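Terminal number for the sequence shown in this note's numbering: 317, no gaps in between.
EDC-like, lysine to aspartate or glutamate: derived pairs with alpha carbons at most 20 Å apart:
{"no.": "1", "residue 1": "160", "residue 2": "185"}
{"no.": "2", "residue 1": "30", "residue 2": "139"}
{"no.": "3", "residue 1": "244", "residue 2": "232"}
{"no.": "4", "residue 1": "244", "residue 2": "298"}
{"no.": "5", "residue 1": "30", "residue 2": "51"}
{"no.": "6", "residue 1": "244", "residue 2": "290"}
{"no.": "7", "residue 1": "160", "residue 2": "232"}
{"no.": "8", "residue 1": "30", "residue 2": "54"}
It should be emphasised that the hints constitute simulated quantities derived from the structure, not laboratory data. Since we're looking at a predicted model, the values are computed, not measured.
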Amino acid sequence: MIDAADCATGVKPAQLEKLAAAVVADGGAVLAEYREPLGGHWQLLCSLPIRNVVPAPFQRDLSDSHVVRMREVIERTDRFLDPLITVRTDSGDYWTPNGYHRLEAMRRIGARAVVAIVVPEVQVAYQILALNTERAPGTREKSMQALRLARLLAKTERLPELEFAPELETPYYVTFGICYEARPRFAASAYQGLLRRVDAFLDEELGAALATREARAGALLELDDKIGEILDVLREDHGLDSSARAAVIAHVNPLRGTRATRDRVPTPREYDEAMRAIFDAAAALDVAAFAEVLLSGPA
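Work out the full structure: start from the sequences and follow the hints.
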């Protein structure tokens with residue numbers, strides 16, 4: 019490990035100088051030569067012609083929906099702020115083992131260049147592949163990230179929540195984040211199917227929207243408590259385990275069996291009505307009769 023000041027000092031290896039010359043010959047520009055702070059390895063920060071940058075051949079398949087979201091965010095900021103990591107091949111291509119979606123988003127925008135860290139050692143690309151196999155962020159991570167972002171934005175922004183849809187990604191993530199704060203083992207995935215049908219980004223200033231999300235989280239936790247009471251009875255009196263949670267929620271879901279209308283945005287009133295209906299249905303559930311249905315299995 020090296021100190022911050024040492025990242026810009028030291029003897030540059032001949033391999034680095036050769037790589038810098040190749041970048042220029044390929045139509046790029048070397049913006050900086052520096053040592054990274056962990057191992058003290060030399061690498062380049064460059065601008066590269068986008069036509070020369072390609073996904074590494076062992077890269078995972080592209081997710082079009084992820085590219086679309088990334089493009090929206092990049093266009094909103096009007097900046098490319100997250101450099102790709104690349105290695106140069108003998109053919110003059112620059113493999114990126116971890117930037118496929120950002121690269122494709124920039125292509126679709128029509129960018130002519132990207133900023134990249136160019137690493138001299140090709141084998142680093144294979145090591146980065148191992149990093150890419152880490153578990154993708156789950157609902158909890160995404161929800162907590164959305165909540166923190168919404169709170170940060172609310173301090174300075176006076177725009178409605180719906181203006182930040184690309185950054186927050188999904189309407190109910192902020193609500194889930196508040197639930198996770200109060201109840202770390204909150205079973206958010208059990209409620210996604212319902213909220214996907216009735217929740218939407220709010221046409222309220224972020225601060226007010228956060229207050230609405232706080233209220234919705236409180237109601238959702240109240241519903242979760244009621245579902246928990248039902249599960250306790252199913253377990254203690256009928257020998258069923260907590261895996262019955264999804265079946266209970268599906269049974270009391272007022273939208274069960276209805277078809278969603280594509281591109282239709284649900285209103286806050288519809289959200290409130292649906293949540294009130296599911297709570298009332300849960301409160302009125304004949305648990306013993308429902309247990310018989312579960313125990314009898316499919317007809």
